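Visitor: Order-wise, the sequence lines are chains A and B.
Counting from 1, position 15 in the first sequence corresponds to residue 14 in numbering that gives the first Met the number 0; the numbering is continuous, with no gaps.
Counting from 1, position 163 in the second sequence corresponds to residue 162 in numbering that gives the first Met the number 0; the numbering is continuous, with no gaps.
Bear in mind the hints are in silico, worked out from the structure with no lab data behind them.
Please read these numbers as outputs of a predicted model, since none were measured by experiment.
Glycine is no exception: its CB is placed at the ideal position from the N, C-alpha and C atoms.
Fair warning: there could be bad hints in the mix.
[Unchecked claim] What the simulated footprint calls covered on chain B by chain A, stretch by stretch (three residues with Cβ under 8 Å from a Cβ of chain A suffice, anywhere in the stretch; the number is not a length): (1) 40–53; (2) 143–153; (3) 237–248.
The lines below spell out each chain.
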Amino acid sequence: MPGTTEYVILGACLFALGMAGFLARRNLIVMFLCTEIMFQGVVLTVVGFSQLWANLDGQAYALFLLVIAAVEAGLALGLVVLLYRRRGTLDAEAWSVMRG
Amino acid sequence: MTPAALYTLYAAFVLGGTGLYFLLPNPDRGKPLAGAALGALGLVALVVAWALIGDAGTGAAFYVLGLVALLCTVRVITHPKPVYSALYFVLTVLAVAALCVLQGAEFLAAALVIIYAGAILVTYVFVIMLAQQSGPSSTDRRSREPFLSVCAGFVTMAVITAHASKALESSVAAGGTPRAEARLASAAAESGAPAGLVEDEAKPSDDGAKRSAPKPVTGNAMALGGAVMTRYMVALQLSGLLLLIAMVGAVAMSRKRVPQEGAVSPRAPLGQAGREVPPY
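For reference, chain B alone in the conformation it holds in the complex (with noise of 0.2 Å):
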């Protein structure tokens, strides 16, 4: 990465953090329009620090997905309902997901929209439900520490940002890295099944890519299942127990009686609750 990349990618990093500071939401000093002005400025900092990388393999879709993606997250944390917060997440998991098929990750992309858009998202929908607050309250209206928490944030972002560039030029040049084209059909050999299922398997599919298209003889859903079935074997029964372990956990949790607190004075007539938050 140049150093002109770094130093813009830095000035997006600042005016995309202070514009975060004016949108979170703040009665006093929230300043919606100036905050939105300073994040898009940042948002156009941040596409020509892309540009100024310039690395091959990402497109117009890469930007427009890219966006998409930060634009909608911005709108998840500064939004002050709780039930956009979570629809705005669908559209990021949404580009997310999209993201994952330009990298070549289709099978991943479609577990991504499936599981969280398709579950995760339904149980945080049913939650807000179930919890409800009567119109916005106080404690979606006010942040807490905005100042610090985005300092925090963007702080971490350009911290990251430049050792992982760092660290991606010094490997590139120690060794090199093996380049993408023949990805999926080297994955499928180096996924650490030299026999058995994936090779076996993989016939049908490699007949019929042959018929069709000189294409790569695995999909990626195949290749990715084949690691995930015989090098990631334990990590796949321990995944298995710990849904199994926090399925109990859940299950006992919601089956807790709930004691109600004496301290919290007088507890507020149904429908009122969560309207007004008392000074603890």
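Bound-form chain A, shown alone (with noise of 0.2 Å):
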């Protein structure tokens, strides 16, 4: 196994810590960085992968996985910015209306 192993375990870490932020921060900006990380760590999981079965079926997901990072980042920014003008604040905690 070249590294495999190593990289599946950095790509869980990164992935973990991007959940654990987007978990606990409250400003929205910071949530989808979060978001992100997690598509990082699953880029390098997919990477290496790809490596270890010597195709390139990872990378061309990892490719696609890109395409959805810039759609997610477009959409997600917009509403960020109506959010923002709606109450004021990046709190996420301002939009839990639902709460019991």
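Assembly of the complex is requested from the two constituent chains, each provided in isolation within its own frame, with the hints serving as guidance.
Guide: Now the structure itself:
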């Protein structure tokens, strides 16, 4: 195995750190940055597997992942600006209207 | 993976998780120094675990780049100012791109740098400027459920790691995986383009490669392009469509007239907005 285990571990670390940050932070912009970090973890994992199996499927998958990340960033940041204009704050807690 | 490596890994996760809990912005319980010390211990344990796993093919560059990526990610999560989070995220992207180069994914590394560090990050910085909050607000100074979120994240990390390592070992034991010596050549051959695109375009570079050095016949970018333009043609078209839809949606969203919400008690004067969060 050409270092695949290490890559998978590093990818899992990045994914989980992004997940922890997404859950912990309240700033909408930082929350979306954390989703991008989760994407980075997935990219590392699929690139590692691509090397392990000696084909390009993983890299092609990572390329489409980049497309999804770009789409997500565009839409999410438009949404963030819209929400900021409505409430005047970036706090995600400001939108927890359905809390019991 | 040996049990020693696995338990070292779990110790690294516990140490790192505890460190992250103390590092997360929290005015009451935040102990940055203790958190940094614990996090550093966790990173050391992670490096030890990597060394114990000891696959061939990872050198000092992997350790350095992996540590840079992890440290910058932790700073993205813990920094109270969003602008600095975005800048640390650039460093994470660069480290990940370099790690991709180490694994032979040069085109992907270039795409990561251009798209992430070049385009997406600029969008983020623009939005941070547009939604400017004066000074670090309580939004950034206080985390939401830091203990539970750190637990969720690090338990996920441990589960993924344990299962992935088990799956890797069983797959290698079952059939073995093709080693990556002739990876680029075989990838170009099996990228689903027996005729046409890849082979025709491969010829010039083939000659050039023979002239200069006995290298693989096709580069990573050419092989990946062949795979994407043939086997993943439908996905490529669909992603183009997706980008178009997202663009239309973003334009429609940004043109939307925002109603002034009556529920929000007196609107803060210009420049004061966002300084305090009213209790919703």
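Visitor: Each hint needs a verdict: does it hold in this structure or not?
Guide: Against the structure, the hints come out as follows:
Chain A is given as covering the stretch 40–53 of chain B, and this holds because 4 residues of the stretch bring a CB closer than 8 Å to a CB of that chain, at least three being needed. Residues of the stretch 143–153 of chain B lying with their CB closer than 8 Å to a CB of chain A number 9, which satisfies the three-residue condition for coverage. Only when three residues or more bring their CB closer than 8 Å to a CB of chain A does the claim for the stretch 237–248 of chain B stand; here the count is 6, and the claim holds.
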